[in-house]
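Student: One letter stands for each residue in the lines below.
Number of protein chains: 2
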Amino acid sequence: MRLSRSFGKTLRQAPSDAETASHQYLVRAGFVQQVAAGIYSYLPLGWRSLTKISNIIRQEMDRAGAQEISMPVVQPRELWEQSGRADTFQPPLATLVDRRDRKMVIAPTHEETTTFMAAANLESYRDLPFNLYQIQTKFRDEARPRAGLLRVREFEMKDAYSFDRDEAGLDVSFKAMAAAYHRIFSRAGIDVRMVEADSGPIGGKDSNEFVLLAESGEDTIFVCSDENCGYAANAEKAEFKKPVADAEEQGELAEFHTPGIKTIEALAGFLEVPVSKTVKAVFYAPETSSGGEIIFVSIRGDLEVNETKLRNAMGGAQPRLATREEVEAAGLVAGSASAIGLDAVGGPRSRASITSIVDDSVVNSPNLVAGANRADYHLKNGNYGRDFTADIVVDIAMARAGDPCPGNCDGHLVEHRGVEVGHIFKLGTGYSEAMGATFIDEDGTEKYPIMGCYGIGIGRLLAATVEANHDERGMVLPRAIAPYEVYLAGLNTNDDTVVAAAEKFYDELTAAGVEVLFDDREEPPGVKFNDADLIGLPLRVVVSARGLRNGEIEMKRRDADEATMAPLSEGVNAVKAALEG
Amino acid sequence: MRLSRSFGKTLRQAPSDAETASHQYLVRAGFVQQVAAGIYSYLPLGWRSLTKISNIIRQEMDRAGAQEISMPVVQPRELWEQSGRADTFQPPLATLVDRRDRKMVIAPTHEETTTFMAAANLESYRDLPFNLYQIQTKFRDEARPRAGLLRVREFEMKDAYSFDRDEAGLDVSFKAMAAAYHRIFSRAGIDVRMVEADSGPIGGKDSNEFVLLAESGEDTIFVCSDENCGYAANAEKAEFKKPVADAEEQGELAEFHTPGIKTIEALAGFLEVPVSKTVKAVFYAPETSSGGEIIFVSIRGDLEVNETKLRNAMGGAQPRLATREEVEAAGLVAGSASAIGLDAVGGPRSRASITSIVDDSVVNSPNLVAGANRADYHLKNGNYGRDFTADIVVDIAMARAGDPCPGNCDGHLVEHRGVEVGHIFKLGTGYSEAMGATFIDEDGTEKYPIMGCYGIGIGRLLAATVEANHDERGMVLPRAIAPYEVYLAGLNTNDDTVVAAAEKFYDELTAAGVEVLFDDREEPPGVKFNDADLIGLPLRVVVSARGLRNGEIEMKRRDADEATMAPLSEGVNAVKAALEG
Chain F
596 MRLSRSFGKT LRQAPSDAET ASHQYLVRAG FVQQVAAGIY SYLPLGWRSL
646 TKISNIIRQE MDRAGAQEIS MPVVQPRELW EQSGRADTFQ PPLATLVDRR
696 DRKMVIAPTH EETTTFMAAA NLESYRDLPF NLYQIQTKFR DEARPRAGLL
746 RVREFEMKDA YSFDRDEAGL DVSFKAMAAA YHRIFSRAGI DVRMVEADSG
796 PIGGKDSNEF VLLAESGEDT IFVCSDENCG YAANAEKAEF KKPVADAEEQ
846 GELAEFHTPG IKTIEALAGF LEVPVSKTVK AVFYAPETSS GGEIIFVSIR
896 GDLEVNETKL RNAMGGAQPR LATREEVEAA GLVAGSASAI GLDAVGGPRS
946 RASITSIVDD SVVNSPNLVA GANRADYHLK NGNYGRDFTA DIVVDIAMAR
996 AGDPCPGNCD GHLVEHRGVE VGHIFKLGTG YSEAMGATFI DEDGTEKYPI
1046 MGCYGIGIGR LLAATVEANH DERGMVLPRA IAPYEVYLAG LNTNDDTVVA
1096 AAEKFYDELT AAGVEVLFDD REEPPGVKFN DADLIGLPLR VVVSARGLRN
1146 GEIEMKRRDA DEATMAPLSE GVNAVKAALE G
Chain W
596 MRLSRSFGKT LRQAPSDAET ASHQYLVRAG FVQQVAAGIY SYLPLGWRSL
646 TKISNIIRQE MDRAGAQEIS MPVVQPRELW EQSGRADTFQ PPLATLVDRR
696 DRKMVIAPTH EETTTFMAAA NLESYRDLPF NLYQIQTKFR DEARPRAGLL
746 RVREFEMKDA YSFDRDEAGL DVSFKAMAAA YHRIFSRAGI DVRMVEADSG
796 PIGGKDSNEF VLLAESGEDT IFVCSDENCG YAANAEKAEF KKPVADAEEQ
846 GELAEFHTPG IKTIEALAGF LEVPVSKTVK AVFYAPETSS GGEIIFVSIR
896 GDLEVNETKL RNAMGGAQPR LATREEVEAA GLVAGSASAI GLDAVGGPRS
946 RASITSIVDD SVVNSPNLVA GANRADYHLK NGNYGRDFTA DIVVDIAMAR
996 AGDPCPGNCD GHLVEHRGVE VGHIFKLGTG YSEAMGATFI DEDGTEKYPI
1046 MGCYGIGIGR LLAATVEANH DERGMVLPRA IAPYEVYLAG LNTNDDTVVA
1096 AAEKFYDELT AAGVEVLFDD REEPPGVKFN DADLIGLPLR VVVSARGLRN
1146 GEIEMKRRDA DEATMAPLSE GVNAVKAALE G
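Residue numbers (our numbering), protein chains in the order written: chain F, 596 to 1176; chain W, 596 to 1176.
Hints in this document: simulated from the structure, not taken from any laboratory.
Some clues are possibly wrong.
Simulated coverage check for chain W against chain F, where a stretch passes if three residues somewhere in it have a Cβ under 8 Å from a Cβ of chain F [unchecked claim]:
id, segment
1, 597-607
2, 633-641
3, 667-676
4, 693-707
With a straight-line cut-off of 20 Å between C-alpha atoms, the simulated EDC-like cross-links for lysine to aspartate or glutamate are [said to hold, decoys possible]:
id, chain 1, residue 1, chain 2, residue 2
5, W, Lys604, F, Asp722
6, F, Lys604, W, Asp759
7, W, Lys604, F, Glu1041
8, F, Lys604, W, Glu1103
9, W, Lys1171, W, Glu1103
Label-pair restraints from in silico Cβ distances [stated by the list, open to error]:
id, chain 1, residue 1, chain 2, residue 2, range
10, F, Lys698, W, Gln654, 35 to 45 Å
11, F, Lys698, W, Arg1068, 34 to 44 Å
12, F, Asp1038, W, Arg658, 55 to 65 Å
13, W, Gly1031, F, Gly1121, 28 to 38 Å
14, W, Gly1031, F, His1007, 58 to 68 Å
15, W, Gln913, F, Gly887, 50 to 60 Å
16, F, Lys604, W, Asp682, 29 to 39 Å
17, F, Glu899, W, Asp682, 52 to 62 Å
18, F, Asp801, W, Glu718, 50 to 60 Å
19, W, Thr690, F, Glu1098, 47 to 57 Å
No residue lacks a Cβ here, since even glycine has one placed at the ideal position from N, Cα and C.
Next comes chain F alone, as it looks inside the complex:
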């Protein structure tokens, strides 16, 4: 392709709201154009990259036995009422009323539609397993789209849905998809880690995220320092071995005066004990609550609450911090509250509206300092079991770098930053049951197929790749997903010999199957070099008057510091070798 004919212009300036590298460079290089907040058009260079990513995904999905289908963007809201997600999906479904006065939604994902399709075509256990996928447009009306292609509203997604006869079958399907994902990311030339993840609003049992490591990523993952262990999880999901306190004899519960002390740090300092010897109280309410309900969380003073774990402990209801008014209305004394004596707080009506959740760290720690549920007073020697119990005891603590790995190893958690580019879920039978998809098993009984679902954001993958692969001059694209392999620049465009040599070499490379973006514009070398770096194709090749005097071309890999010279007569082979190198 001649750059002079390739539609799109490189820009010197990024949009003022472009904060991430991928947003800046994808716009500046003419890969994408914003049409509205979180809604983009892809220009030829960007779409070529997306097509390459899609083709890799398609090949690997086919190889894994999945079958390609296509489901609609616009669909009846009834489908979502059937699954129970019409009012609960986050972000809220984009809804319109059609000319027939039916409520339609723009689909953010396709569990409902696939299950509807399966219900019509599934009869017998012999039909199972199957895995259906599509590469298709989705819309999620995010409240705050940002960061270019990383957090958009409309996007291309590969989504796959597996249907199995039993749990063992789901395990096989799930592993096959995990393996396919590893191959996809490997072929795309990007460094992706599979980590345990929380299922979130898609629901289901197990889920794994695929995270592209990048310092600028907004996600935090923890990986075990012991390579043989292999434990990896994102921050929302990560577990760790809770530090076990030294065994000691239980002391006597005693109240003492702590004037003006409101924080755990102040309390520990006042008593000259480590914060791990304290228990702190954090107050939440269900996000949808309009008041009256309090989630009273107790966790050791040295740990922080993981709100995703807390949500799961609450049965999936999203928590929010309670307001000062809610806390006071429940009769709780902020700064001196604890689960010890909670039954007496504010009388019986109040206790019934409080759910007490205790992190398991508290259970195994003796003689803790806790609030006395009286302003300016705390208690010594609080012991779970003896002095207080809870409605729920569960792990709700946030893992941190350095925490002991939860695996059967001596490793500790190492923190990385990254961008989620894929997510796979074990769904179970929730959708099958809701949409009435059944099959007759070999024994003649009617059963629900067990589902899994598997997503990759195509544009997000491109953006994440740029986050992980760029420098201060532009993108550094892996060969497999760069729009072209070679940026061929003919310099000295006023010199007919150079022009002719560049044209001839362009034809030779193209004939040899190399994908070339040929900068044939009448621009000075500086402009061409800047654009080459910005667009970030794997190899830059320069045909210039100076090089031609020695019968040579100049080659520079985008990921290398130094250029090398090669004889023009051996140019095609030299380019191929440099691309491989």
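Dock chain W against the given chain F, drawing on the hints supplied.
Tutor: Below, chain W without anything else, positioned relative to chain F:
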């Protein structure tokens, strides 16, 4: 692909509302599933066909120099306000309000978005010409979706948009697209005629439709009987040489009594003159009119009104037949109205609200019988010019089979039925001007690029192909767009020798690059033969116990009546030859 593993079931019964062959067979063969009125999912077989069509289109668009991009489904309504189509597009835009309280539309076409993109990336005449295309999802909220994939609401479309420096450039771009379309349809194996067409709501100057000939098609086209002429147009657009009446001396205008005569046929019979000696009046109103405006159409009694031509005569306003109340309110006497003496009808206020449009056939016909604008009276010897004139004189007549071709030939129009599968338009500068897309020409002046647009409905192409290629048993798909090339049926599935031979032959064909759908199910031969005919792959190959006794396989082309036998040892070559044949 093994049929036992291919997702989707063939059905014995078509949906009760499936009236067309393509609707019946595409649903019965498991190619598509309806999700809502005019909204379908594609199952694996259907999507494979669509992918093949898309790939042919993509290759030919690339070959013609067009560049692939992708534009969003959901977009700001503001873009459509800028072009002036927000309130006028038909069917009305599907609109929603997003979480940021902005009005968004689901795009039915992408002239606005492409021009917005061009405006940001077009600077100089050196950037021109370019042609941008995408294969992408569109939504048009048709009031009456029907006929399966022929009239849907959501659909996949290839849409291309060319930008040129001048009219001569547009001609080149337009011809290149016409040529690409011919290649696309030829490669898809379907018989498509390019015809002149009306531009409709997309606007612009010239347009051509590509019509797949099919008896069941809902479109009518006229083609000149003289092959050297080549004139072809759809019914909305078709012109014809108007029959010229014999010259005769103008007689004296005279009123006469026609008691109870209300129709042209009755009038001609009463007077014993041919209907071509009469002029009839037809009353329309602009579709959006709430009363008061009348379009008074005069056309010779032997011709019918073409409402598309009438719409163009009315400057693009869609006409509808006037109601009896509207006609009476204008002071017109239905059954005896004519343009002769129209100025006197109902007084001056009424005349101002009437637009008189006369078909040019009336102008060239002497001594016509016309209404007298008085109940039960008509006039003899009405002559245009002498006795009446009109606000507009133009061709608004509907062509019919047998009418003389409008070309420079002695041919006549031959009528065909068909299905529109593509449409190309010369748009001009309407969108460039509205969206502010300009370039600096070589002489330094700022100009608007001249646009063309070019569409193919992908699913519609598949459905139209089935309309043109089916019999009472199922589809007869062309090789290039069939999901697979060969339907391989292994019979006698209880005979291990046959099963082994069928499996081996499946592997051999697949290894030889033949795309095989292998019916490995334990079903009786009748079921397999029925499904083979229904799905309509080009070649059915049968491995059976009887054939194997002679070392033979049976081959039957779907478009042939007879099967042939071939030695199994030569099977792969025989299959390839039969596919070519």
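Student: Now look at each hint and say whether the structure bears it out.
Tutor: Hints, verified against the model:
1. Counting residues of the segment 597-607 of chain W whose C-beta lies closer than 8 Å to any C-beta of chain F gives 6; at least three are required, and the coverage claim holds.
2. Note: the segment 633-641 of chain W has 6 residues with beta-carbon separation from chain F under 8 Å; the three-residue rule is met and the coverage holds.
3. Here's how the segment 667-676 of chain W fares: 6 of its residues keep a CB closer than 8 Å to some CB of chain F, so the rule of at least three is met and the hint holds.
4. Judged by the Cβ-Cβ criterion of 8 Å, the segment 693-707 of chain W is covered by chain F as claimed, because 6 of its residues qualify and three suffice.
5. Taken as a hint, the lysine 604 (chain W) and aspartate 722 (chain F) pair is honoured in the structure, with Cα atoms around 10 Å apart against an allowance of 20 Å.
6. The suggested pairing of lysine 604 (chain F) with aspartate 759 (chain W) holds, with an alpha-carbon distance near 18 Å, which does not exceed 20 Å.
7. Proposed proximity of lysine 604 (chain W) and glutamate 1041 (chain F) is supported: the alpha carbons are some 19 Å apart, at most 20 Å.
8. Annotation: proposed proximity of lysine 604 (chain F) to glutamate 1103 (chain W) is violated, straight-line Cα distance about 50 Å (limit 20 Å).
9. The hinted pair formed by lysine 1171 (chain W) and glutamate 1103 (chain W) meets the criterion: a straight-line CA distance of about 12 Å does not exceed 20 Å.
10. For the hinted restraint 35 to 45 Å between lysine 698 (chain F) and glutamine 654 (chain W), the CB-CB distance of approximately 40 Å keeps it satisfied.
11. Distance hint check: the CB atoms of lysine 698 (chain F) and arginine 1068 (chain W) are about 40 Å apart, consistent with the given range 34 to 44 Å.
12. Between aspartate 1038 (chain F) and arginine 658 (chain W) the C-beta distance comes to about 57 Å, which sits within the given range of 55 to 65 Å.
13. The given range of 28 to 38 Å is respected by glycine 1031 (chain W) and glycine 1121 (chain F), whose C-beta atoms sit roughly 31 Å from each other.
14. For the pair glycine 1031 (chain W) and histidine 1007 (chain F), the beta carbons lie near 59 Å from each other, so the given range of 58 to 68 Å is met.
15. Between glutamine 913 (chain W) and glycine 887 (chain F) the Cβ separation comes to about 59 Å, which falls inside the hinted range of 50 to 60 Å.
16. Between lysine 604 (chain F) and aspartate 682 (chain W) the beta carbon distance is about 33 Å. The supplied range of 29 to 39 Å therefore holds.
17. Between glutamate 899 (chain F) and aspartate 682 (chain W) the CB atoms are about 54 Å apart, so this pair conforms to the stated range of 52 to 62 Å.
18. The hint said 50 to 60 Å for the Cβ distance between aspartate 801 (chain F) and glutamate 718 (chain W), and at roughly 53 Å that hint holds.
19. Remark: the range hint 47 to 57 Å for threonine 690 (chain W) to glutamate 1098 (chain F) is upheld by a beta-carbon distance near 51 Å.
In terms of the numbered hints stated before, the structure departs from hint 8 and from no other.
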